[in-house]
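Going down the list, the sequences are from chains A and B.
Residue numbers for the first sequence follow the working numbering, beginning at 178 and rising by one.
Residue numbers for the second sequence follow the working numbering, beginning at 317 and rising by one.
Hints listed in this document are in silico derivations from the structure and should not be mistaken for laboratory results.
Check before you lean on any hint, since a few could be wrong.
As the list claims (entries may be wrong) - Computed list of chain B residues with no C-beta within reach of chain A, every gap over 12 Å:
1. Phe323
2. Leu426
3. Leu495
4. Asn502
5. Ala509
6. Leu517
7. Ile524
8. Leu593
9. Asn594
Said to hold, decoys possible - Example chain A residues on the side facing chain B (calculated, C-beta under 8 Å, incomplete):
10. Leu231
11. Tyr252
12. Leu264
13. Phe277
14. Pro278
15. Met281
16. Gln282
17. Gly304
18. Phe481
19. Gly483
20. Tyr485
21. Ala486
Unchecked claim - Below, a sample of chain B positions facing chain A; criterion: calculated Cβ distance under 7 Å:
22. Glu494
23. Leu496
24. Gln497
25. Pro516
26. Ala520
27. Lys588
28. Gly591
29. Gly597
Heads up, the beta-carbon is just placed ideally off N, CA and C, and yes, glycines get one too.
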Amino acid sequence: MSDTVLTLEHVSKNFGAITAADDINIEVGQTEFFALLGPSGSGKTTMLRMIAGLETPDTGRIVIGGTDVTRLPPYKRGIGMVFQDFLLFPHKTVAENITFPLKMQRSSDTEKAEHLQWVVNLVHLEGLEDRYPHQLSGGQKQRVALARGLVSRPSLLLLDEPLANLDRELRKEMEVEIRRFQLELGIPFVYVTHNQEEALTMSDRMAIMRDGKMEQVGEKFSLYHNPTSQFVASFLGSPNVFSGRVSAVDGEIATLDWHGHAIQARAHGGLKPGDAATCYVKSEKIAIETDAGEMSGEIRDVIFKGQYADFLVLLDNGEEVTVSSSHRGQLVKGAKTHIIWKPENADGFPAGE
Amino acid sequence: MKNNRLFFWVLTGPGTAFLLLFLILPLMSIVVFSFWRTESYHLYADWNLDNYRVLATNPSYVTFLLRSLFMASVVSFVSLVVAWPVAFFITRYGGQFKIILLLLTSTPFLTGEILRVTAMQQILGPIGLINMALTTFGFDPVTALMYSKTATAIGLIYLWLPFMVLAIHLSLLNFDFELLQVAKVNGARPLRAFWEVTWPLNRAGSAIGVVLVFIPTLASSITSKFLGGPNGALFGNILAHQFGSTGTWALGSAMGVVLFVISLLVLYIVWKSIGDLNRSGITIKGGAE
Ligand SMILES: Nc1ncnc2c1ncn2[C@@H]1O[C@H](COP(=O)(O)OP(=O)(O)O)[C@@H](O)[C@H]1O
Ligand SMILES: [Mg+2]
Chain A
178 MSDTVLTLEH VSKNFGAITA ADDINIEVGQ TEFFALLGPS GSGKTTMLRM
228 IAGLETPDTG RIVIGGTDVT RLPPYKRGIG MVFQDFLLFP HKTVAENITF
278 PLKMQRSSDT EKAEHLQWVV NLVHLEGLED RYPHQLSGGQ KQRVALARGL
328 VSRPSLLLLD EPLANLDREL RKEMEVEIRR FQLELGIPFV YVTHNQEEAL
378 TMSDRMAIMR DGKMEQVGEK FSLYHNPTSQ FVASFLGSPN VFSGRVSAVD
428 GEIATLDWHG HAIQARAHGG LKPGDAATCY VKSEKIAIET DAGEMSGEIR
478 DVIFKGQYAD FLVLLDNGEE VTVSSSHRGQ LVKGAKTHII WKPENADGFP
528 AGE
Chain B
317 MKNNRLFFWV LTGPGTAFLL LFLILPLMSI VVFSFWRTES YHLYADWNLD
367 NYRVLATNPS YVTFLLRSLF MASVVSFVSL VVAWPVAFFI TRYGGQFKII
417 LLLLTSTPFL TGEILRVTAM QQILGPIGLI NMALTTFGFD PVTALMYSKT
467 ATAIGLIYLW LPFMVLAIHL SLLNFDFELL QVAKVNGARP LRAFWEVTWP
517 LNRAGSAIGV VLVFIPTLAS SITSKFLGGP NGALFGNILA HQFGSTGTWA
567 LGSAMGVVLF VISLLVLYIV WKSIGDLNRS GITIKGGAE
């Protein structure tokens, strides 16, 4: 990357016997929205805290804007951070909370007023400047926390599950807005979440974390469509799981014997004939047809969601598969169907992980 | 409804009666006596303001009062400064030892006041630990520590410090230490973060600690009697005197009333200094709107 703002090189961190970060390497560019996605306890917060300086890595280097900050205390790093439970100062007004970073930098009053005006307009907090945090709704608190993170126009903004405490509707709205702030400001955001929808909606690139390890890093489309890690294949997009034995491998494509059916998937992890394998296929990548076909069965249930529907298909071999597709009149409960997918839409890995 | 009222009186009755009997009544009698007259160890109920006139015009009483006020201010301030780091580290890093550390701060109370003050004498006095050590090694003894106001101050701080630590600790238990990290990420050095966040959010704790130290110090007499030396008498010593050898109970009562009024005044000032509850963050725990 030509304009790298943040670099983590071989960063590791242990808490006693727990490995919270295991040889992490990340580069984040100037205008990037970078998401760290992983289940709870995978080490996402620890990573952000190390970048912010609230935690010191055991090994490795952290570089921000060309400066090695690994041993620099947090107050000298000049970055913004938005915390999960808002963590507003309860004894300060909205305006005082927001301008706190400027006060610490000893900015002039006019500068404070200008920045406050700008950021209040940006995050839509007009008229609430003199309130105290306990007089705000959850969504408003979230905006204040964001404004405080942005007000000093930091070189980098860290966000730790900033929407986790908001209800679904508000979250949808804020997802769009946070992305808009990032584009408007042109600074990198490092955004931590356990919610894949959030990460997929907002980010340019993302890293998937598990047990302190980075499973895969890349553009979100590439992670979603071309997982190279079994964990990523199983985690993103709640896929169907098929377990069987490899009967043949032809170039990139493996054929599995799955309860009497031959199913095909891209081969990962050096699959060879005879191996036990697990294959992941995302539900929207499976086609559902009403005519006869090789993998046939009948529709057990239809879960209608508006733009699409989930069809629970009970195959003739007794296995159940979920298919997401646009809703069609013929696809009713009890209808005979067959399902099919392209080999490049399925990913097979050695079983047992 | 009726049951509720009965319940209310059963619960609050004994406490109210106790307060009336042992606090309000003696207090009222002292107020009454302060307007009477004593002569040859007898109280005479002829109402007058003489006792107060004496207190206001006789410079020695004013001096003792000012000395006690100054002593109480110094002792409260030093206790506050000393107690903060202790309370902070017990709360933040005490972990499973929090309670035992806190209980340890109260060990001086296990022995009773006289013994404690005597123990201080053993350390500060002319043949005490500090000066013995100094003279043994050929240095001059520190006379400032021997029967002086400094010795009294040290003794009083030692006496009341646990209350200050306790008050601040209890306040810090409700404090979200993560706010300090927020301050640091946003550019505050540790001391600045303390000043911007920890201090204002625990002002009520500091205030309660100051009250708990200031008021007893203002009325104290035993510590200065043992450690203060010939010129170290405080208002409390003079007050005790009135009820002892001189038998001027009416004047003593007036002095008691003065102490009481000043204590109320201190309470009021401290309460005012906490000020806007929003500013102390008390509102986050379901307080005033
Ligand atoms: N200060 C700490 N002391 C001990 N263990 C910790 C500490 N902070 C985090 N951990 C552990 O490190 C792991 C990663 O935690 P965290 O970074 O908070 O995960 P996430 O944010 O992805 O949920 C967890 O197992 C957690 O229990
Ligand atoms: Mg976390």
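Going down the list of hints, with the structure as the test:
With a least CB separation of 33 Å from chain A, Phe323 of chain B remains clear of the 12 Å interface cut-off, as annotated. Every Cβ of chain A is farther than 12 Å from the Cβ of Leu426 of chain B; the closest lies at roughly 38 Å, confirming the non-interface assignment. A beta-carbon of chain A is positioned within 12 Å of the beta-carbon of Leu495 of chain B; the least distance is around 6 Å. At roughly 4 Å, the least C-beta separation between Asn502 of chain B and chain A is not larger than 12 Å, which violates its mark as non-interface.
Some Cβ of chain A comes within 12 Å of the Cβ of Ala509 of chain B; the nearest lies about 8 Å off, and the non-interface call is violated. Listed as a non-interface residue, Leu517 of chain B fails to keep its Cβ farther than 12 Å from every Cβ of chain A; the least gap is roughly 6 Å. Every C-beta of chain A lies more than 12 Å from that of Ile524 of chain B, the closest at about 17 Å, which supports listing it as non-interface. Consistency note on Leu593 of chain B: stated as away from chain A, yet its beta-carbon is not over 12 Å from all of that chain's, at 9 Å minimum.
The claim that Asn594 of chain B is not at the interface with chain A is violated, since a C-beta of that chain comes within 12 Å of its own (minimum 5 Å). The restraint placing Leu231 of chain A at the interface with chain B holds, with a minimum CB-CB distance near 5 Å, inside the 8 Å limit. A distance limit of 8 Å between C-beta atoms decides the matter here; for Tyr252 of chain A the minimum to chain B is near 5 Å, and the interface restraint holds. Below 8 Å, beta-carbon pairs count as interface contacts, and Leu264 of chain A has one with chain B at about 5 Å; its hint therefore holds.
A hinted interface residue such as Phe277 of chain A counts as satisfied when its beta carbon comes closer than 8 Å to some beta carbon of chain B; here the least separation is about 5 Å, so the hint holds. Look at Pro278 of chain A: its Cβ gets to within about 4 Å of chain B, closer than 8 Å, so that hint holds up. Annotation: Met281 of chain A was flagged as interfacial toward chain B, and the flag holds, the nearest CB pair being 3 Å apart, inside 8 Å. Given the 8 Å rule on beta carbons, the hint for Gln282 of chain A holds: about 6 Å separates it from the nearest Cβ of chain B.
Interface hint at Gly304 of chain A: violated, since its Cβ lies 18 Å from the closest Cβ of chain B, which is beyond the 8 Å cut-off. Taking 8 Å as the C-beta contact cut-off toward chain B, the hint placing Phe481 of chain A at the interface is violated, the least distance being around 44 Å. At about 40 Å, the closest approach between the beta carbon of Gly483 of chain A and any beta carbon in chain B exceeds 8 Å, and the interface hint on this residue is violated. Because the beta carbon of Tyr485 of chain A sits about 41 Å from the nearest beta carbon in chain B, more than 8 Å, this interface hint is broken.
Because the closest C-beta pair between Ala486 of chain A and chain B is about 44 Å apart, greater than 8 Å, the hint is violated. With a cut of 7 Å, the hint placing Glu494 of chain B at the interface with chain A holds, because the nearest CB-to-CB distance is about 6 Å. The criterion of a C-beta within 7 Å of any C-beta in chain A is not met by Leu496 of chain B, whose closest approach is roughly 10 Å, and the hint is violated. A cut of 7 Å between beta carbons decides the hint on Gln497 of chain B: the least distance to chain A is about 5 Å, and the hint holds.
Annotation: interface hint on Pro516 of chain B holds; nearest CB of chain A at approximately 5 Å, less than 7 Å. Look at Ala520 of chain B: its Cβ only gets to about 11 Å from chain A, farther than 7 Å, so that hint breaks. For Lys588 of chain B, the shortest C-beta to C-beta distance to chain A is roughly 17 Å, which exceeds 7 Å, and the interface hint is violated. Restraint check, Gly591 of chain B versus chain A: the minimum CB separation of about 11 Å is more than 7 Å; hint violated.
Among the interface hints, the one on Gly597 of chain B holds; its C-beta lies about 4 Å from the nearest C-beta in chain A, closer than the 7 Å criterion.
Violated hints, in rising order: 3, 4, 5, 6, 8, 9, 17, 18, 19, 20, 21, 23, 26, 27 and 28; the structure is consistent with all others.
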